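Peer 1: Letter by letter, the chains look like this.
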Amino acid sequence: MKTAPKLILGILTMLLMMLVAFGIGAYRGFMEEKLQVDLVLGSLSDVMNTRIEMANNLLTVAKRHLPQDDELVLKIRQDIQDLSGESLRQKAQANERLDYNSALLLKKLEALDSVKADSRDYSYVTGYLPRGFEQSAQWADAGLYNSAARKYNNELQGTLNGKAAMLLGVPLAELFEGGQAP
Amino acid sequence: MKKIALRFLVLFFCVLLTALPALSVDNPVDDLAGVFSTGFVSDLSRYAQLMREKLGIPFSVVTRHFLGGKNIQTYANQTLELLPDSDKTILLVLVIGEESYAVAIGDESHQFLSPEKAEALLNDYFRAPYLSDRAYEKAVASFTLQAGNYLEGRLGIRMNAASSLSPYTKSVADELVLPTIQPHNSENIFGSIFENASKSREDAKRYDEDARYAEEDDEKGLSLFQIALIGFVLYKIFGRGKKNNKQGKGCGPLGWIFGAWGVSKFFGWRK
Chain A
1 MKTAPKLILG ILTMLLMMLV AFGIGAYRGF MEEKLQVDLV LGSLSDVMNT
51 RIEMANNLLT VAKRHLPQDD ELVLKIRQDI QDLSGESLRQ KAQANERLDY
101 NSALLLKKLE ALDSVKADSR DYSYVTGYLP RGFEQSAQWA DAGLYNSAAR
151 KYNNELQGTL NGKAAMLLGV PLAELFEGGQ AP
Chain B
183 MKKIALRFLV LFFCVLLTAL PALSVDNPVD DLAGVFSTGF VSDLSRYAQL
233 MREKLGIPFS VVTRHFLGGK NIQTYANQTL ELLPDSDKTI LLVLVIGEES
283 YAVAIGDESH QFLSPEKAEA LLNDYFRAPY LSDRAYEKAV ASFTLQAGNY
333 LEGRLGIRMN AASSLSPYTK SVADELVLPT IQPHNSENIF GSIFENASKS
383 REDAKRYDED ARYAEEDDEK GLSLFQIALI GFVLYKIFGR GKKNNKQGKG
433 CGPLGWIFGA WGVSKFFGWR K
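Protein chains in written order, with this note's numbering: chain A, 1 to 182; chain B, 183 to 453.
Warning: the hint list may mix true and false statements.
What the hints assert, rightly or not - Straight-line distance between alpha carbons at most 25 Å, and here's what the computed SDA-like set of lysine to any residue pairs gives:
id	chain 1	residue 1	chain 2	residue 2
1	B	381	A	138
2	B	252	A	97
3	B	418	A	21
4	B	381	A	127
5	A	108	A	72
6	B	252	A	137
7	B	252	A	131
8	A	63	A	21
9	A	151	A	141
10	A	151	B	398
11	B	236	B	212
12	B	447	B	398
13	A	75	A	97
14	B	381	A	35
15	B	236	B	342
16	A	163	B	444
Claimed, not checked - Pulled a few chain B residues facing chain A out of the computed Cβ check, cut under 7 Å:
id	residue
17	376
18	392
19	393
20	408
21	446
Keep in mind that the hints were calculated from the coordinates and are not lab data. The model shown is predicted, which means the values in this text are computed figures rather than measured ones. From the three backbone atoms N, C-alpha and C, an ideal C-beta is built for every residue, glycine too.
Pulled out of the complex, with its shape left as it was, chain B reads as follows (with noise of 0.2 Å):
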């Protein structure tokens, strides 16, 4: 049982571990379904660190292929959890092969922009680029531009950033190409359309090592120890009868020993 429990406890921190998505302060946009360009995930996250740096609010972006059927804003909260200062960061996610999409925003961060704002500004800003047109890169800069300009309002800060996305909020979609599936790179694609790639795999290496360690032979029988008690406690009970005389001369219980010892090989109850 103890094994057991040892077992669950190594998974339990394997999970939480593992669901961690590949986002940190340097890197806030971790684009898993490979839809946006080299120098458009740069200018995010440059644009990203500038609101976390002026405006003291971080902002992350993940994207996605698929979920597997879990509810894309259970996902955006629950990552949201996993994110350092999750309490202030704004994180939006784009599902690309469910075309749907979520914002989850931190408690501290409510005050200042409302769930209710945010997907007002997704309406107005990333729902038609989005959708329609399938310009991804668009779509998520014309929202974090909106966000950026609505909380240097409410915030009274300017963050004097000529941003480098406002080219990109003009820009028109080109045909996505997806990556093709490659042995190097399917990690990444299997982590975007697997809802936690890294625990799948985890649980596969789990379920490997558990059927091998089952299919082990555990023996199964008298061990040595119990032949040994059985024949003192025989001998206890029978094997004292001469402590009087002077014939005494056996080996204690060793007799009763090695004789449960046999009784057990005749019998094939030994291990």
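Isolated chain A (complex conformation) (with noise of 0.2 Å):
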């Protein structure tokens, strides 16, 4: 073979050998980080337990004060089902509900007379819960999660590299944000 040609056959088949190694690159590298970003997704579904612990230890002092179906009762109840459901979308506005609603129920027992009377409950419902929840919360911060989700999706759509790796079928990572107002 002549030299000119034979040249630039090798070169042809260095870049495309090279292309092969780094689309091979790409797609090893990103999908660590994707199972990366999915391990942190199952830590924060650990931490999240303790939120429901937090609810299911409301709804029992709740119980002995307000009835079965009082409003915000039946509301922390859902929450509770849909912070256990599969959607990570569902989770993160049922976790931002919960928020919310536990803060009513709190107010809303530590205002009736039948818990102001019972001094074990009142304890709970002016210290104990709250900060249950309190620790709950800063247990389960989303916040770690989103940031590390958002730098592994910046990454995969703002580089060649992560542009390969979604040619390649790599997929974004979900926030774990309800985005929903109360």
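Take the two lone chains and join them into the complex the hints point to.
Peer 2: As structure tokens, this is what we get:
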């Protein structure tokens, strides 16, 4: 083979091989990163259980002082159900609603005479439960996950490697955002 | 994948360790809810020690405020399994905020105190002071003494315990004053309102670490090794045409390797 065509063929083969290697590298790199983001989501789901626990604790106290069909009690029961669901968006919305509804229910309970007359439940309503909700919200701070997911999405959409990985089927990460006013 | 598997393994052991309540041979009472006086905890512990030493049946008590929706009997059974001598132990669990209680009995002790008999003792001696009067010490003391007496009869062994628990069976409930939440005791308080606060804390720590790890910059693209390999393969295919003439003064595959290195830089494919 003559030198010039051979060189051109060599360079073309080089480009092809590098392109393939680049594609494989980008796919593997971003899949690994996606797996890492999914792992963060799994960890978030674990700590999200503390939100469900606190909601159950609040309902336990509330049922001693309020009827079972109380509007806030029903709403929190629905929030618990949605928090245990599959959809990420639904969970995020339920988590946001639980923040709002639990604060309302705690205030409502605190104002009840029956609660005021019960030193144990009054301690729960004014101390233990609000502190527990605060702690569970701190543990289950979705901001950490969203920040990791956003960074991953930005890289996937904003870099050459990312675009190659997307072309090869690497998906975007879903954000844990409800975006719904209570 | 290895890293992820290792993380799960570490987590599994952490969960196993943190799930263990603060009960031990020397400390058979874990008053997480803080509803017992110090004197009562000490008298109850002494009686439980006697039961262990004389009757060979360890007795433990756990109090908590809430279980976060978990079934109390499941919790009691799981806690029992984590205790040393779980086959022999009798465990009484009080969940104050849920106004519930449960007893779990190790398999070997079933022959001396059946779950049905324990339930009957709870109904007769525990239930009223626990639920109606909120006299927690009275309820626990009454049940413990009755269970002790029953076991003495079944085993034919006398503990000879001029019980220090007897006075508590006559006591009336003081108004329950729960500990205030202060930073120094928040550990105990969270331990009594979350089903397993230590595990939740571990989960939160892991979540934080995972999130930070995910945010670290991973370089993606061709590594130097891949570039060198491509260069070498190209050399093997295209770079050996002159092996029979005397002009071969090149540097082997280096030309192809540097070429690949330069091209990868030009296209931005390099790490």
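Peer 1: Checked against the structure, which of the hints given earlier come out wrong?
Peer 2: 8
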